[in-house]
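*Asks:* The opening position of the sequence shown corresponds to residue 1 in my numbering, with each subsequent residue numbered one higher.
By construction, these hints were calculated from the structure, which means they are not laboratory data. Warning: the hint list may mix true and false statements.
Stated by the list, open to error - Derived CB-CB ranges, DEER-like:
1) V46 x W67: 30 to 38 Å
2) I9 x I102: 19 to 27 Å
3) F53 x N30: 21 to 29 Å
4) K31 x N111: 35 to 43 Å
5) K31 x L10: 16 to 24 Å
Quick caveat, the model's predicted, so the values are computed rather than measured. Even glycine gets a Cβ: it sits at the ideal position worked out from N, Cα and C.
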Amino acid sequence: MNLKKNKFILFVFGCLVVRLLFVLIAKNINKKSLPILGYIGLLPAVGFLIVYFANIRKRGALNQKIWWGYLRLLHSLLYFSFVYLAINKSKLAYIPLLLDVIIGLLAFICNNL
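The whole structure should be built from the sequences, with the hints applied where relevant.
*Replies:* And the structure:
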């Protein structure tokens, strides 16, 4: 398999599917359990922030240069938005996660045209 095909498969199944599952869970979880999911969402929110400001992890899967580093701050802000909404039991908490998936997909398409 060529590198471009490997990158596409890893992005779709390793990134998009996982994030879409999180969106679906956040959308369909009962309101009582939503804050628990919000606290779980703190992990990627803080992780994106640390990696962004510490300027670490410059290589990703397949030892390729990470092209999405400039988006990490936005990913973090969207996840923190989800955390806030989820902890406050908003049924719209999944929206920032969905936006994150859409932005990630568009960025991937633009980067790989």
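*Asks:* Each of the hints needs a verdict: does it hold here or not?
*Replies:* Each hint, compared with the structure:
Between V46 and W67, the C-beta spacing of about 22 Å breaks the proposed range 30 to 38 Å. Evaluation of the 19 to 27 Å hint for I9 and I102 yields a pass: the beta carbon distance comes to about 20 Å. As the Cβ distance of F53 to N30 is approximately 35 Å, the hint placing it in 21 to 29 Å is violated. Our hint of 35 to 43 Å for K31 and N111 holds, since their Cβ atoms are close to 37 Å apart.
Look at K31 against L10: about 34 Å separates their beta carbons, and that is not inside 16 to 24 Å.
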